[in-house]
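S.K.: Sequence:
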Amino acid sequence: MKTIRAVLAAAVVVASFGVAVAKLPPAAPTTDAQKAEAKAKADAAADLAKQQQAKAEDRVAARYFADMKAQGKAVPPPQMAAAPAAPGAPAKAAAPAKK
Numbered sequence: 001m002k003t004i005r006a007v008l009a010a011a012v013v014v015a016s017f018g019v020a021v022a023k024l025p026p027a028a029p030t031t032d033a034q035k036a037e038a039k040a041k042a043d044a045a046a047d048l049a050k051q052q053q054a055k056a057e058d059r060v061a062a063r064y065f066a067d068m069k070a071q072g073k074a075v076p077p078p079q080m081a082a083a084p085a086a087p088g089a090p091a092k093a094a095a096p097a098k099k
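To convert, note that position 77 of the sequence shown is 77 in this note's numbering; the numbers rise steadily by one, no gaps.
Check each hint, because a few of them may be wrong.
List of simulated lysine-lysine pairs, BS3-like, C-alpha gap at most 27 Å [to be verified]: (1) Lys35 <-> Lys55; (2) Lys50 <-> Lys73; (3) Lys55 <-> Lys39; (4) Lys55 <-> Lys73; (5) Lys23 <-> Lys39; (6) Lys55 <-> Lys41.
Simulated from the structure, these hints should not be mistaken for lab results.
Generate the whole structure from the sequences, applying the supplied hints.
M.R.: Set out below in structure tokens:
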């Protein structure tokens, strides 16, 4: 009996939600200024996220090096990976051997 009441209550909620959504007016189209503002906000948020990520990585690395130093372990300084060659760029030719 309780299950039937729960199913009926859920059906009423779903039906009333459908009616409420059907009565909403369509969204107004966005203007070019609104699109530009939204893009600027998204770009600013992306830049902030990149900065926060870099700070977090620096904190983790600093803590790792401090922990290793406290334990008396020698840790070589971090090596920056070399940027890969551009695709399609010709490889450097080997220097011709002198005769």
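S.K.: Each hint: holds or not?
M.R.: Evaluated hints:
1. Lys35 <-> Lys55: 30 Å, violated
2. Lys50 <-> Lys73: Violated - the C-alpha atoms of Lys73 and Lys50 are around 31 Å apart, more than 27 Å.
3. Lys55 <-> Lys39: 24 Å, holds
4. Lys55 <-> Lys73: 25 Å, holds
5. Lys23 <-> Lys39: Violated, at about 30 Å.
6. Lys55 <-> Lys41: 21 Å, holds
Against the hints set out earlier in the document, violations occur for numbers 1, 2, 5.
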